Structures are given as structure tokens and as C-alpha cells.
Amino acid sequence: MAARDTLFAAVTSPGAVSDVHFAFVWRCIQELIAHGPQPFYIGLGYSIWLRFALSGNCRLANWFDPAYWHLLRQGLERGDGERRKQCLAILRRSVYVAVSEKSSDSRLMVSECCTADENILDHYERYCTVFETILLGRYLNQVLACEDDLDLLSSQKSLVKREWLYTLLASALDPKIQDSNRKFIGNWIMRTGCRPDTSPPDFLRFFENNFLPWAQQGSLYTSTLKYRDHRVQCDHGIRLATYLESLLVGPATSDSCRSSIINAMLASITSKNSGNFAYAAVYVLEGLERAFGSTPPIRLTEMPIKTIAGLSSSPTLPEVARDYLRVFCSNILGHQREQMERPTDPPSRRDLLEKEAIEKCHKLRKALQDSGEVLDVHEPLQDIFSDLEYLEYPKSLLMMMPALILDPRFIRLASTSTTLAGDMALYVQKMQKLSETRVYLMPPLVQSIRSAVFLSPAAADLISLADVIISYTESLPEPSVDMKLEESTITLLQSSELASKQTFTYEHYFGDRRSVGIATLLDLISRLGRNHASILQDVLNRIVQRWAKQRNPPPTVGSWKSTLQLQTIILASEQLSQSWTAEQTGKYLRDLHYMLAIEPLPRYRYLLSWVVTRLYLRTPELQEKILLELTYKDHHSNPKYLASLMKIGVMLATAKDSREDFASKLISTLIPLAASSKVIIRHEAQWQIPGLTDHARTKGWSGVMESSAYMALDEYIRSLERFDDPPLERQLDRFDPMGDHNMTNLVQGNWFCLDTIERSTCSREDFEVLFEQDAKSALRLPASCIELGAALLVVRTGAATTSLDAHVAPAAESMVPSKAGESRALQTKGTAYLIQDDNATQGRPRNDIIVVASLVDNPYNLGGLSRVSEIFGASEMHLQNQNVTSNKDFTAVSVSSHLHFPILQLSAAKVATYLSEKRSEGWSIVCIEQTDRSVVLGSKECVLPEKVVLVIGSEKEGIPAVVLGECDLLVEIPQQGVTRSLNVQTAAGIVLFEYARQRRVRTAG
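Residues 7 to 1011 (the numbering used here) are what the sequence shown spells out, left to right.
Treat the hints with caution; some may be incorrect.
Said to hold, decoys possible - Calculated cross-link-like contacts (lysine-lysine; reagent style PhoX-like; alpha-carbon spacing at most 20 Å): (1) K646 - K684; (2) K953 - K924; (3) K232 - K189; (4) K401 - K439; (5) K555 - K593; (6) K372 - K361; (7) K671 - K631; (8) K631 - K593; (9) K646 - K631; (10) K401 - K369; (11) K366 - K401; (12) K924 - K894; (13) K916 - K894; (14) K401 - K361.
Rather than coming from a laboratory, the hints here were simulated on the basis of the structure. All figures in this text were calculated on a predicted structure; none of them were measured in a lab.
Whenever a hint applies, use it, and build me the whole structure from the sequences.
As C-alpha cells, then:
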């Protein structure tokens, strides 16, 4: 530091140094910066450069050459926070000098389209501000607000040369930056179509070294998987492919630049050391294929055919991705296809073992079907399962197992053998467990179970069918991330011109979709009542009991609660209630009423209302319970429940076989409810009255129509503006207990739009696929308890897509109350001062630490700094404006601390000079800042000096470069959370405490 200051003083003395000496200083700065792995010399070089740049006596324009601007961009891109602040300060000064002196070499950083000097200064100032916000501030909300400035800097109107923009973007995509900020910058690049308009070499370096490595991170693909029209799409992959296509087909892209872009794309996905995400190659090549299919198509003089062909034979790629690459090669190479032919590798030992295991399955299956004698299948099955486990459950072998272990002949053998019965139950249980992580196994397993149960009724008990149903209703298998990525790749395959739509389908790779498996499960449940009523009763009891035992209030979303459970209740109760007595029905209705009373989720309430209404229709003698429930006054504490009861009551009163006396009693109940003080109750009653009136008029119920008060109320409600334009939720939750009671409405009705907790798991089309398979197999099935129903008219709600990985966090745990006798710490005010003598409070000695807060603007923060500085014994504190001590925000936090130690005034512009003077007096300058040369507070390396000037940075920009250059020690506070920084007063308090602690240790030692 002393040598630097001496050099600066000598060289900047008026008239003392010639241009030759200034040139020598510049060469020395370059040599210091070129020291590479030695950060001290690099920091010293930039520090000297900054001092000279800010000096009025330095002829800075003499240094302007390509190396000058290159080193500035290098410092901005590769430096830490301190280095970037220094470079931005140098850049601001350099731009001013370049514009003022109009040096010929200054054109290396000024855009050719520049006009007025003030416009140039304004654009570069905007550039520096954006750089500070994105790379130094890093607060996401502020980064998002930079979008308009980025648009300007990247436009044709920008006076900032493109290489500076690429430096900014490259720095923003650095892995050290927060993922949220990097994602915003990367998406902005793809959205705006950043192209190599005026500086292709700089763009290509940025594209290859910064953009492509960021764009091929796996988390970007897995986090943007979305459902669209019941198919998976990877939004990031599609955006990347679209951007790459625009780069290659853009009219401003030359042939040589286009060739370089393609080489960079291929190098990024074929590099063995890159560690790229496997599916990144798919979307990079998708962009290339789109460009080749453009009009006019792009032409290349040389095609890296072997590179492309080598991709399709990579053993590390999943099957779908390999097929995509083969189709890509066929599309791109065309008549040169023979050049991509590669010798086929011999099958591996694992492939041979898998083939052998598949042959064992075929032989055992054929033996079961052909033999009329009792076979020993115990050992062959164990042998096959041993192979299955050894091979780690390969898909082709795994999907054969359900049909094998649930073969009708095997079921007959198991029904007479305890050993085989145990084997069958164990194997089915294993298959179901495997289907939880391998969702493609669920459809063949459930389809085999369904066929087995209806072909051989004994199979239901052998495989514990009730347990299977309960397990699936509580936790449906979810596709893994890899499977979702493969499905999104299948969508790309099917859009390819040369790909066969019949070959490259989901069914080709994975068999039936999960939705077909769920449809099969629901269809199985809907047909169990005739021959397996006891199993169905067990399933119903277990589901209802668990829902009825929920604590009140229950969580909106539970780990075990699902729509499928309530769908199962509807199907099971529809079949079982036909043989129930009124007493049995009443028992279930009590539980269902309780479930409806406490349930907060709209879709669950809709399904519970469905099953309650159907049970009341089947047992008319119990309908009076609804009227009794509606008259209970304490229900006003539960408006949602009362609203559901009104809906159920009106559905019963408007049913085909409804009675006038019930409707009359219901009307007498609805009239007072229509004037309820509870908004939900009042609106629901008013909404239900017109529907009930229309039904009474159709039925000719004179007792209802002759009530003048009721008819006046009906007429008033119909005159309201909202009556003819009902809100969306009124359209979604409509239910006709007869007309809407069908499987189509049960699995994909508009009621799914009542909330976004779950999406529909299957559709009418899945049942059609199932029934088509039944027709081919000639499987004889008992009648279903519910008809399929017609296709529904979908009500659009504006929610076009549903995220695949949108999970609802469980409810937060409540605070645990203290137990009797338990000891807990009691928070009190600080009393450490009580250990000192009262006479010592006057003239108390203070520590040798000065707090410089001249860079802080917020009075609230300054008040907090005053408070912690006084508490930890600072000798004095410096502020930008001493008058702030009378500000109410300052005094609200500082209390009276500013009255107990000196508060001095020091302008922000004079901080650097003040620090230089204090150093010459023997003080050490310590700054709180996160840089590469910072030491961690509290570590062995962080020993705070005796005499310290502690500099506190501003809330937004921290400590400027010129002040950082004066610092002897930079400290940072260790953090464990994800929040980037502490409030300035909190950070200062921590450092002041550590200084006081170290001082006490030294004094005691």
C-alpha cells in the first residue's frame, strides 16, 4: 500500500512525468494483471489503474488501445465483487475521457452509430447501472426490473458496443450467480433472440463458453416439465430449440458464423468432459433440425457426419433419446445416410441374460396353458424372479410378469396349494411396490388383476385385492423425471417428418398409459359388487373410517387423501347400498355428513355431496335428516357445510320422484337462510331458490306456487344482475344426481376446475381403450354400477397448463406447548452493565474502533448503527449528514445512543481520502464485503487489528471500488441460509461484537 501511494504521488505530480513514464506505468499495470494465479498482484494492478484513472493529472487517453478495453472486460467478467467495482469505476472515467477527447483509439469501445456525446455517456452509465444491479446487487426483483434496459442495450439504438453486452451476459450466467438470476438472463436471451449482429467473434465466445453450458443444465429441463393437452412438454427445451433455430436461419447470420454456431452446438453435446445433461442433446439437435427444415433451408459446405452419427449409438443415452437421434440423422443426412452406418456392437452379457430370462417366461407361460396336469411352478417362478432382481428389473422383462403370475392356470394351482398361494400374494405385492417407481408397470398389473378376478373369483382373496385397491387409492404411482423427459421426447419424435407416427408412440415404448391403468382400476371397482361384495365393503369401510377420523380442522391437502378415494366411495356405495337397510345407510350418512362438515377442499366437498345425495335418493325415508340439519342454529359457525346441505336438499327436492311436502318444508327453511348474516349462507340460499321454483312450476305444486312471499323473493332474485351471468364456480359445481351420475363426469368432470390440487388422472378415452381391449379378448364381465356417459363440454377456466412437479407443502406444525416442570429460557433485556460499578459509567473508556457509515443513506439503518456502535464501545461514528440524528426514524432505533459517543460528519466523496489519512496515522482499514480476498469472521485467519476503522457499505451498492482500494482487510460473515445478505446494522453489530470479543481475549491473556 505504501509503495502504491508513493508511486501515485510521484507520477501524478504536476509537470513531473512525461508520456514515456505514463506508458511505462501502463506496461507495469498490464504485467501485474497478467500474473494469473496470484490474486495479490492482479488486485494491485487494478488498484493502481483505478487511482490513475480517477486522477485529474493522468493522461488516460494515451493508454487507450485494444488491450486496455480487453482488460476492462476481462475484469468485469472474471473478477469478484471488488474487481468489478474497480472496473466499473475505470470504465465510467474512461468513457468520459474517450468522449471528451475523441481519441481515435476510443472508438474501440464507442458504437459507430453514436451521435451526441451526452447520449454516449447516458448509455454507458445505464450499462454500468445494469451491471451493478445484476452482478453486484443480485436482488431478483431489481434484476427483473432491468429487462427494459437490457432490451435497449441489445437493440440497434444502443450506443454501447456489443462486446460489452456479451461481457455482461457472460458474467450473469456464471455458476456463482443465483440460479433465479441466471434463469432470468438465460430466458431473456432466448426470448429476445440475441444474435451475432455486429460482433460475431465475441458472440461466438459467449455462446460457446457461457450460454450453452448454462442452457444444458439438467435442472432447467426437469423444472419446466408441463402438461399440455394431457401430454408432457419441456418448456426450457422448446425455448432452446426455438432460439437455436432463429440463430441459424436469421438473415444477419453469415455462412461462416452459422457453421461456427453448429460446430459449437455439436461440440457442447459430444464433449466427454462436459458432463452435459443427456436430454440437452435432444433439444439442441431439435433446433438444428428445425433450421434444416426452414424455408429456404440452410446449406453447409461441410457436415460433421461422423459426429452426428456417433451420437445415435451412444450407450449412455436412454432408448427414446437414441431413437430421436437416429431419426435426426436420417432427416439431416438424407442421401449420405450410408456414411452414418456403424458396425453393430455384440450384445453384452446383461443383454444375453435378459433374453434368457424372457425365454424362461415364455416357456413357463406356454407350459401353464398347454398342460392339463399339476405342474411344479414354484422353482421356475423363483428362478425368474431371481433373474429379474439380478438384472435390476429391466422394463421388457418386468412388463411380462403380471400376465405370468396371474395366469388363470396358475391361479387354479394356487387355490389348492398353500405354497403357491403365498408365492402369488408375495409376487403381486412386489409388483405393486415396483409400480410405485415404475409407473409403466401399473397398467399391465391392474389389467391382469382385473382379468384374473373376473375369470377366477378365487384370485381376489389370493392376492388380497382389498389391500391392492387401498394402496393405489392412497398413493397413485407417479412418473419419474426420466420418464417425463422420455415422454416429452416422444412428442418431438412424432412431430418429425420421417418418423412413423405408428412406431414412435408412448405405447411403443411403455405400453398403455398410466391413465388407462387408473381407468382399469375404477372399472374393476365398479363391477365388484355382485361377486365380491365383502371385499368392496372392506374397501369402503377402511376409506370412510380414515376420513372420518381426521382431526378437526383437517389439512386441506393430506399425504394420503386423494380424489381417487372419494371416487371409490361413490362406486362402492352405489353397489352396496342396494342391499343396505335404512339403519346401515344412516350409519354411513352420519360419517359422510361429518366428513362434509369438516372438509375444506371444494372438489372433495363436491364428491361427498354426490355420494350423500345418491344415498338419500335410494333411502327417501332418511331425507328428513337434511331438513333437521338445516334448522340447527349452530351451523352458522360452519357456513360451507350449511351451503352444501342446501345444495343437497334442492337436488333431492328437484329429483324425478321428489315429493311436494319435502319441497315445501325445504322452502320454509331456505327463506330465512336467504336473509342470513353469513354471506356464504345468504348467497347459497338465494341461488338455490329459482331452481327449486322452476321444478315446482313444472310439477304443478300449488302449495309452493301459491306462497306470495316465496314467489316475491324468487322474482327479486331473478331480477338481480348476476342471475343471468353466474360466476364460474356456479357453472363448475352444478350436479344432477341422475343425469350427471356417470363415469365420464366422475373422472373428468368440470368440477376438477374447482381447485388446482390435483389434475384429472384419466378420461373417457381411456375407458374406450379399455373396452376395446375387452372386446378383443372376449372377456366376460359383470355389469358396471355406473354407465360411461356421453362426452362432456369442458368449461375453460384460463388454466391452460398444470405443472408436473407442483406439490403442495404439508401444513405447518403447530407450536408444541410447554409441559409441566419443563424449563425454558426467558428472554430479558441486557443486564451485563449491572456487573460494573456505577461510578465507572461516567467517562467509560471506549475501544479503538471508528465506524464509518457515510455510505449509508437510510435513517432507520443509521439509527441502528448508532445503537450497536455505542453498545460495543466504538470511539466515534461518521455520517454523511450529521443532521440525520434528529430524524424520527433515526431516533426510533437509536434511542439515546447518539448522545453517549461522538457522531461526526464525513461526506461520502471524502471517505477514501479520510481512510488514507487514518492509515498513515497507524489505523487499519476494515470493510465488510464479500469478495475473493475476504476472510470469514470468526475463523483463525480473521484477526482484527487493535486500531480499526470499520467501513459500512451502502444498502444497495455496498462499498465502492475507490474505497475498497483503501481497505487493508475485508471480512465477511458466514451464512447458512439462502438469503443473500444481512441488514447493514445487523452486519455491523456482528463485526463489532467480534472485535470486542477478540479485544477482551487479548486483554485477559
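Status of the hints after comparison with the structure:
A distance of roughly 10 Å separates the Cα atoms of K646 and K684; the hinted pair therefore holds under the 20 Å criterion. Of the supplied pair hints, the one linking K953 and K924 holds, its CA atoms being roughly 10 Å apart against a limit of 20 Å. Our distance criterion of 20 Å between C-alpha atoms is met by K232 and K189, whose separation comes to about 17 Å. Only pairs whose Cα atoms come within 20 Å are accepted, and K401 paired with K439 is accepted, the gap being roughly 15 Å.
Annotation: proposed proximity of K555 to K593 holds, straight-line Cα distance about 15 Å (limit 20 Å). As the CA atoms of K372 and K361 are separated by approximately 17 Å, the hinted pair is consistent with the 20 Å bound. Using a Cα cut-off of 20 Å, the hinted pair K671 and K631 holds, with the two alpha carbons roughly 12 Å apart. The suggested pairing of K631 with K593 holds, with an alpha-carbon distance near 12 Å, which does not exceed 20 Å.
Taken as a hint, the K646 and K631 pair is honoured in the structure, with Cα atoms around 18 Å apart against an allowance of 20 Å. Proximity of K401 to K369 is assessed by CA-CA distance (about 19 Å); at most 20 Å being required, the pair is judged to hold. Proximity of K366 to K401 is assessed by CA-CA distance (about 16 Å); at most 20 Å being required, the pair is judged to hold. A distance of roughly 32 Å separates the Cα atoms of K924 and K894; the hinted pair therefore is violated under the 20 Å criterion.
At roughly 27 Å between alpha-carbon atoms, K916 and K894 are farther apart than 20 Å, so this suggested pair is violated. Between K401 and K361 the CA atoms are separated by roughly 12 Å; this keeps the pair inside 20 Å, and the hint holds.
Hint compliance for this structure: hints 12, 13 are not met, and every other hint is.
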